[in-house]
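K.L.:
Here is what each chain is made of, one letter per residue.
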Amino acid sequence: MTNNRREILAIAGAASLAGFAGFRGGSQMHPDAKSKLPLAGQTSPVAVVKAASYSEDLAGAMMRGILECGLDVAGKRVLLKPNFVEFDPNTCINTDVAVVAAALDVFRSLGATVKIGEGPGHRRDTFAMAELTRYRSEIAQFDDVFVDLNREDVSPVQGFADRGTFYFPNSVLAADLIVSLAKMKTHHWAGATLSMKNYFGLVPGSIYGWPKNELHYIGINKSILELTRIFGPKSFALVDGIVGMEGNGPIQGTPKKAGVLVMGSDLAAVDATCCRIMGIDPARVEYLQGAADRLGVIEESRIEQRGEAIAGVRTNFQLIKEYSQLRLA
Amino acid sequence: MPGLSPDRGVYLEARLGALRRNQNSDGGWGYFPGKASWLEPTAYAALALAGDPAADRAWTLLSSWQLPDGSWKPSADVNISNWGTSLCATIAMARGEWGPPLKSSVNWLVGSTGIESGWLNVLVARLGLVKQERDISLKSWPWKPGNSGWVEPTVHALVALKLAAARLSSPELHERVRMGEAQLLDVRSRDGGWNYGSPAALGVDLPSFPETTALALVALQGRSDLGKAFDLAQRQIGETPSPLARAWLTIAMRLHGVKTADLTGDPPLDTMITALEALAAPQGNYKLMQTGTGAQAGAVA
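So the sequences go chain by chain: D and A. Residue numbers for the first sequence follow this note's numbering, beginning at 1 and rising by one. Residue numbers for the second sequence follow this note's numbering, beginning at 1 and rising by one.
If you're looking for bench data, these hints aren't it; they were derived computationally from the structure. Be aware that one or more of the hints could be misleading.
[Claimed, not checked] Just the calculated beta-carbon pair ranges, DEER-fashion: (1) A:Ser-170 / D:Val-145: 49 to 57 Å; (2) D:Ser-53 / A:Glu-239: 27 to 35 Å; (3) A:Leu-127 / D:Ala-140: 21 to 29 Å; (4) D:Val-157 / A:Asp-69: 18 to 26 Å; (5) D:Thr-254 / A:Ser-64: 31 to 39 Å; (6) D:Ala-140 / A:Gly-111: 33 to 41 Å; (7) A:Glu-239 / D:Asp-72: 57 to 65 Å; (8) D:Pro-156 / A:Gly-192: 36 to 44 Å; (9) D:Gln-141 / A:Asp-205: 34 to 42 Å.
[Stated by the list, open to error] Restricting the straight-line Cα-Cα distance to at most 25 Å, the calculated cross-link-like pairs of lysine-lysine (DSS-like) are: (10) A:Lys-73 / A:Lys-131; (11) A:Lys-35 / D:Lys-76; (12) D:Lys-76 / D:Lys-115; (13) D:Lys-321 / A:Lys-103; (14) A:Lys-103 / A:Lys-73; (15) D:Lys-50 / D:Lys-321; (16) A:Lys-73 / A:Lys-144; (17) A:Lys-228 / A:Lys-144; (18) A:Lys-35 / D:Lys-115.
[As the list claims (entries may be wrong)] The following residues of chain A were derived to be distant from chain D, with all beta-carbon distances above 10 Å: (19) Lys-35; (20) Glu-40; (21) Asp-77; (22) Arg-167.
For each residue, glycine too, the CB sits at the ideal point set by N, CA and C.
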């Protein structure tokens, strides 16, 4: 019986590996998720700030959004978690270096001790990736502030999905605040990859391998929810939507200008707002459904929109045909 | 185990010296100096320093990390079977230690497979119910049990099993080697190299990466049908910013007897890359991964 269940789960994983068009990341939810609605009735602030290009005053834009959200980081240990899962010079997979550099300046200026950490999903040489993405050349003393989360020393966390003990990098566990510096992208197995999905890069490759295949077998949506459940309470989302990715994301899509930075402490609310900007109905994105009222707020009426109104910045991202049903009316 | 070469050059000595200086008191190495010991950097450093007392201390530590089922865990505190079992088996054979610990690790490797190759998945694929971009009936090796097979762990398992075939031959071992080589060839990217696991996603070709292309070549020693991959590797070694990729590409070409330029520069801070660069040096111990052809291992017709 156990073997049969493993085999069935394996189909989902193998399908994800092979690009099975019908696979949408599994439907497993956290066992507690359906019985508790701890956030029912709560509202969450989300700031949308316009930024037309990476050469603008991004630090100023970020500062406005952070202040709108009431974030206080003075004296805190902050880990910036950008997305550089992979590199392709012909598209825009990664959180742009200008956004990472500006965030480093902003959080330092707010009195935080700041590190940058990422565990790329596909490539082994993280520092070479940082070179390709220009992080290493354009962020002063990058090697001194950067932590390769794939190869850092780890400590156990109990109760991650059905795995019992799961290991995470010490910098992640020690941080008072993790800033999910995500890229606004479509995702061919999850619908969209934003601040919550970005936390796949917190899982150490030294134990779980590349491309963090363990999370695919747990279930992509379930893993997103579990990572958000564990790290969401000490998180702040800052999504790079200046130029996002549409179509066959998160690697092989095409650049799409949205001209915004989206911020907030409620990762689900930020991701739901990003979805609306992208012309995606967040209520149809499985992991956001699972997060609603359990890990965050996704209803538009309960998100306190600060800065730009969504209608003013909405620009529909192209969706692959398998996700056409996600289109926001 | 080979002794130290009398004239190994400044490049190699600089790396071996750095490794000796950065060895932890428990005998292992962290991924970076001053960090806790992990199997992967310790194993590569032990291979690079083979014959040196530092390698003996490393092996003492690694030996203490073997689990009862024959596999190895990745660090002192993480009790999860790990692909690095292959590296430890290779070290054991390089040291001439063919006893029960090696046999149990080889048995574990022979029985280890990517979960996608389970019978139900293969049946579903054969019935055409799931679109596959690789032949999942060809068994490969995962990073850890319960995951899919990928290029890098498959490469290291093939190296270990081909070396093991010299004295621990069995039909099962030969079949896994034959199938593992076939699997690597099946997942080759259209450009002639290798991505990290699959040649395509959602019907779109994936490009090869230099490090995984190099690793696949290490596993496919002795084959005569890899010319396009060498052309690609020669180009990649000049273009990649990754010292990890350059080290593996150099090791791969040396193992295939392909002429390649020597690596230059100062040792990096990264322990694993330091060890791989030492292995890649002209007088380095890359030959400890020399398996001969698959046919010599009794595996490829």
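K.L.:
Quick check: does the Cβ-Cβ distance between Ser-53 of chain D and Glu-239 of chain A fall within 27 to 35 Å?
P.N.:
Since Ser-53 of chain D and Glu-239 of chain A have Cβ atoms about 29 Å apart, the given range 27 to 35 Å holds.
K.L.:
Range first: 18 to 26 Å. Now tell me if the beta carbons of Val-157 of chain D and Asp-69 of chain A are that far apart.
P.N.:
holds, 25 Å
K.L.:
Between Gln-141 of chain D and Asp-205 of chain A, does the C-beta distance stay in 34 to 42 Å?
P.N.:
This hint holds: roughly 38 Å between Cβ atoms.
K.L.:
Lys-35 of chain A and Lys-115 of chain D were given as a pair; does the straight-line alpha-carbon distance stay at or below 25 Å?
P.N.:
Given that 25 Å is the threshold and the Cα spacing comes to 17 Å, the pair holds.
K.L.:
Taking 25 Å as the top limit, are the C-alpha atoms of Lys-103 of chain A and Lys-73 of chain A close enough?
P.N.:
holds, 17 Å
K.L.:
Assess, step by step, whether the Cα of Lys-321 of chain D is no farther than 25 Å from the Cα of Lys-103 of chain A, and give holds or violated.
P.N.:
violated, 51 Å
K.L.:
With 10 Å as the threshold, tell me whether Lys-35 of chain A passes as away from chain D on beta-carbon distances.
P.N.:
violated, 6 Å
K.L.:
Range hint 57 to 65 Å: satisfied by the CB atoms of Glu-239 of chain A and Asp-72 of chain D?
P.N.:
violated, 46 Å
K.L.:
Lys-228 of chain A and Lys-144 of chain A were given as a pair; does the straight-line alpha-carbon distance stay at or below 25 Å?
P.N.:
violated, 31 Å
K.L.:
Holds or violated: are the alpha carbons of Lys-73 of chain A and Lys-131 of chain A at most 25 Å from each other?
P.N.:
violated, 34 Å
K.L.:
Do Thr-254 of chain D and Ser-64 of chain A keep their Cβ atoms within the hinted range of 31 to 39 Å?
P.N.:
violated, 51 Å
K.L.:
Determine whether the Cβ-Cβ distance between Leu-127 of chain A and Ala-140 of chain D falls within the hinted range of 21 to 29 Å.
P.N.:
Since Leu-127 of chain A and Ala-140 of chain D have Cβ atoms about 57 Å apart, the given range 21 to 29 Å is violated.
Checked against the numbered hints given earlier, this structure breaks hints 3, 5, 6, 7, 10, 13, 15, 17, 19, 20, 21; the rest are met.
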